[in-house]
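2 protein chains.
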Amino acid sequence: MAEEVTRVMVAVNESSMKGYPHPSISSKGAFEWTINKIVRNNVSAFNLLFLHVQVPDEDGFNDMDSIYASPDDFKNMNQRDRIRGVHLLEYFVNRCHEIGVVCQAWIMKGDPKEVICHEVKRLRPDLLVVGSRGLGPFQKVFVGTVSEFCWKHAECPVISIKRKPDETPQDPVDD
Amino acid sequence: MAEEVTRVMVAVNESSMKGYPHPSISSKGAFEWTINKIVRNNVSAFNLLFLHVQVPDEDGFNDMDSIYASPDDFKNMNQRDRIRGVHLLEYFVNRCHEIGVVCQAWIMKGDPKEVICHEVKRLRPDLLVVGSRGLGPFQKVFVGTVSEFCWKHAECPVISIKRKPDETPQDPVDD
Chain A
1 MAEEVTRVMV AVNESSMKGY PHPSISSKGA FEWTINKIVR NNVSAFNLLF
51 LHVQVPDEDG FNDMDSIYAS PDDFKNMNQR DRIRGVHLLE YFVNRCHEIG
101 VVCQAWIMKG DPKEVICHEV KRLRPDLLVV GSRGLGPFQK VFVGTVSEFC
151 WKHAECPVIS IKRKPDETPQ DPVDD
Chain B
1 MAEEVTRVMV AVNESSMKGY PHPSISSKGA FEWTINKIVR NNVSAFNLLF
51 LHVQVPDEDG FNDMDSIYAS PDDFKNMNQR DRIRGVHLLE YFVNRCHEIG
101 VVCQAWIMKG DPKEVICHEV KRLRPDLLVV GSRGLGPFQK VFVGTVSEFC
151 WKHAECPVIS IKRKPDETPQ DPVDD
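Chains A and B, in that order, give the protein sequences. Sequential numbering from 1 applies to the first sequence in the UniProt record's numbering. Sequential numbering from 1 applies to the second sequence in the UniProt record's numbering.
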């Protein structure tokens, strides 16, 4: 049987409804599925790698209250984003600690689908797990889906875990 | 932690080069990956379900030597196909027996991608594993890919396992 641990990368993001530090429904579901169906009680055989990709805030829509008057203001904003991301990762790292599975977690900035595939290339996990909102073809045209891009382009096997029907919010684009 | 076993359906087919009873490179690879990376030594926590879908032989190309003169001839042909399929499944069932993981295996006839999705619906496995030849977009136009269809339509999480580059035959459509 395999001697090395199985390294599972899990891409996670924040809830679009509750915001940081709450994980999205689909990333929480993907994590729980991985623990319940794959890792199970064989905790010493798996390492989990949590990647959170932050999308640079292009139009500053979420920062209407902020005034940027100096380079320090931007530094502070970046610092604040980072801290929010760390709190999101804390949720997953704490869960792993409870369960007893070794993990690591880190934050990157950029286009999530591109960054995830790049990190797969760099770190060569055995498996990539991504949550999926399970959108229909019509909805996908407008929002794009990270899971489909990763399935096609990531250089490792990919599982996408769809949300359960009873977890889907009123607007299925929310997560 | 989960009490029930994790049920993994693995779709398998015969080698296009060596024919029955040899498994295709990609289905052998998908099986070995599942054992090495997911099941590992936690054999009692998993059940494997091997599904082999036989494509009805439309033009009789593989049966040039046969003469069909009575209904019994067709019965015999069906019987022979079945036996070939059983020998393919024997390979996987024997491997599971060696490893100590509980499994079951069965044969269906029809369009593999449709039948696989139908069987997922019927049996509700936790995970479907399919091998993939890893063909480029140009090659796919001509041969279609079961893995992509299943990824989109199967009602459970799907992993497709691409062949290793050093296992790819001269003609990548072969398997």
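By construction, these hints were calculated from the structure, which means they are not laboratory data. The beta carbon of each residue, even a glycine, is placed where N, CA and C say it ideally should be. Treat the hints loosely; a few may be bogus.
No more than 27 Å apart at the CA atoms, straight line, and that leaves these computed lysine-lysine pairs for BS3-like [what the hints assert, rightly or not]:
#1 A:28 - B:121
#2 A:152 - B:152
#3 A:162 - B:75
#4 A:121 - B:121
Simulated restraints, written as ranges between beta carbons of each label pair [said to hold, decoys possible]:
#5 A:114 - B:71: 38 to 46 Å
#6 A:32 - B:93: 25 to 33 Å
#7 B:174 - A:166: 42 to 50 Å
#8 A:99 - B:71: 43 to 51 Å
#9 A:152 - B:169: 44 to 52 Å
#10 B:122 - A:94: 23 to 31 Å
### Query
CA of residue 28 (chain A) to CA of residue 121 (chain B), is that 27 Å or under?
24 Å, holds
### Message
I want to verify a distance hint. Is the separation of the beta carbons of residue 122 (chain B) and residue 94 (chain A) within 23 to 31 Å?
### Response
39 Å, violated
### Task
Quickly compare the C-alpha distance for residue 152 (chain A) and residue 152 (chain B) to 27 Å and report which way the hint goes.
12 Å, holds
### Outcome of range test on Cβ distance (residue 114 (chain A), residue 71 (chain B); 38 to 46 Å)
60 Å, violated
### Query
If you check the beta carbons of residue 32 (chain A) and residue 93 (chain B), does the distance land in 25 to 33 Å?
32 Å, holds
### Query
When you take the CB atoms of residue 99 (chain A) and residue 71 (chain B), is the distance between them in 43 to 51 Å?
Violated, since residue 99 (chain A) and residue 71 (chain B) (Cβ atoms, about 60 Å apart) do not stay within the stated range.
### Message
What's the verdict on residue 162 (chain A) and residue 75 (chain B), does the C-alpha distance respect the 27 Å limit or exceed it?
### Response
43 Å, violated
#### Entry: Status of the given 44 to 52 Å range, CB of residue 169 (chain B) versus CB of residue 152 (chain A)
23 Å, violated
### Query
Keeping to a limit of 27 Å between CA atoms, is the pair of residue 121 (chain A) and residue 121 (chain B) held or broken?
34 Å, violated
### Task
Go ahead and decide if the range 42 to 50 Å is satisfied by the Cβ distance of residue 174 (chain B) to residue 166 (chain A).
45 Å, holds
Hint check: violations occur at hints 3, 4, 5, 8, 9, 10; the rest are consistent with the structure.
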